[in-house]
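K.L.:
Sequential numbering from 0 applies to the sequence shown in numbering that gives the first Met the number 0.
Keep in mind that a hint or two might mislead.
Taking lysine-lysine pairs in the BS3-like style, the calculated list, with each CA pair at most 27 Å apart, reads [unchecked claim]:
#, residue 1, residue 2
1, Lys127, Lys107
2, Lys12, Lys31
3, Lys152, Lys127
4, Lys107, Lys128
5, Lys116, Lys175
6, Lys128, Lys61
7, Lys107, Lys149
8, Lys61, Lys127
9, Lys61, Lys26
10, Lys137, Lys116
11, Lys137, Lys127
12, Lys128, Lys152
13, Lys12, Lys26
14, Lys31, Lys116
15, Lys152, Lys137
16, Lys127, Lys116
17, Lys127, Lys149
None of these hints come from the bench; they were simulated from the model.
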Amino acid sequence: MFYFKEAPISPTKLDPNQLALITEFRKQIGEKGALYWTFNRIEEFTQLIRTHLSRVVQEWRKTWGEAAETRNAIQKPSKHKVIDTKDTEGINEEEKGLIDLTESGMEKFEILIDVLKHITAEMQNLDKKIRQRTEELKSATSTDANVNIKQKKRAINLAAVDMEHFNVRMEEEIPKFFKSHSEGANA
């Protein structure tokens, strides 16, 4: 797959020799049956490459079962070096393939799900405590005036502590949420 950018460029930056070579290269790969596409903006390129890679992976996926059957039938020891697929730390982003990027994105979204579970648990805990404080305020209203003010003040202060605890937890979880979401979506 070849992609050529055809966005307009300044005539002062145009190299006629290079343009002639590119035109000849396109002609040669077309004659040999290779496919190429053109684009103007990076967004178009991104869409083209995603579409084409998806098609390639779908075609490649059709042969996955065949490869496993062949391996099981032959069972010869491999002379090739075994690479740990989890050890992609040394590979920079440009070298990662579609499967590596998909795996990385899935890992980030798993972290995102865990963060959302923590946020949900904290929200449920706050809801439970606020309901408890509301009941304490209601019961303080039904008692005598002197006890009433102390109980109300205590319930309100405890509600404030509960909300502060919730706020502290959200300050920890929300950055994790945005980081995981951003990294997962951009993988």
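K.L.:
Indicate, hint by hint, whether the structure satisfies it.
P.N.:
Here is what the structure says about each hint:
The hinted pair formed by Lys127 and Lys107 fails the criterion: a straight-line CA distance of about 30 Å is larger than 27 Å. Restraint check: the Cα-Cα separation between Lys12 and Lys31 comes to about 31 Å, which exceeds 27 Å; the hinted pair is violated. In summary, the hint linking Lys152 to Lys127 is supported, as the alpha carbons are separated by about 19 Å, within the 27 Å threshold. Between Lys107 and Lys128 the alpha-carbon distance is near 32 Å, which puts this suggested pair outside the 27 Å criterion.
The straight-line distance between the Cα atoms of Lys116 and Lys175 is roughly 12 Å, inside the 27 Å bound, and the hint therefore holds. With a CA separation close to 54 Å, the supplied pair Lys128 and Lys61 exceeds the 27 Å bound. Distance restraint check for Lys107 and Lys149: the Cα-Cα separation of roughly 48 Å exceeds the 27 Å cut-off, and the hinted pair is therefore not satisfied. For the proposed pair Lys61 and Lys127, the alpha carbon gap of about 51 Å is over 27 Å, so the pair is violated.
A hinted pair counts as satisfied when its Cα atoms are at most 27 Å apart, and Lys61 with Lys26 does not qualify at roughly 32 Å. Of the supplied pair hints, the one linking Lys137 and Lys116 is violated, its CA atoms being roughly 32 Å apart against a limit of 27 Å. About 15 Å separates the Cα atoms of Lys137 and Lys127, which keeps this hinted pair within 27 Å; it holds. Proposed proximity of Lys128 and Lys152 is supported: the alpha carbons are some 16 Å apart, at most 27 Å.
Under the criterion of a C-alpha separation no larger than 27 Å, the hint pairing Lys12 with Lys26 is consistent with the structure, at around 23 Å. For the hint pairing Lys31 with Lys116, the CA-to-CA distance comes to about 54 Å; that exceeds 27 Å, so the pair is violated. About 12 Å separates the Cα atoms of Lys152 and Lys137, which keeps this hinted pair within 27 Å; it holds. For the proposed pair Lys127 and Lys116, the alpha carbon gap of about 16 Å is at most 27 Å, so the pair holds.
A hinted pair counts as satisfied when its Cα atoms are at most 27 Å apart, and Lys127 with Lys149 qualifies at roughly 22 Å.
When the structure is compared with the earlier hints, violations turn up for hints 1, 2, 4, 6, 7, 8, 9, 10 and 14 and for no others.
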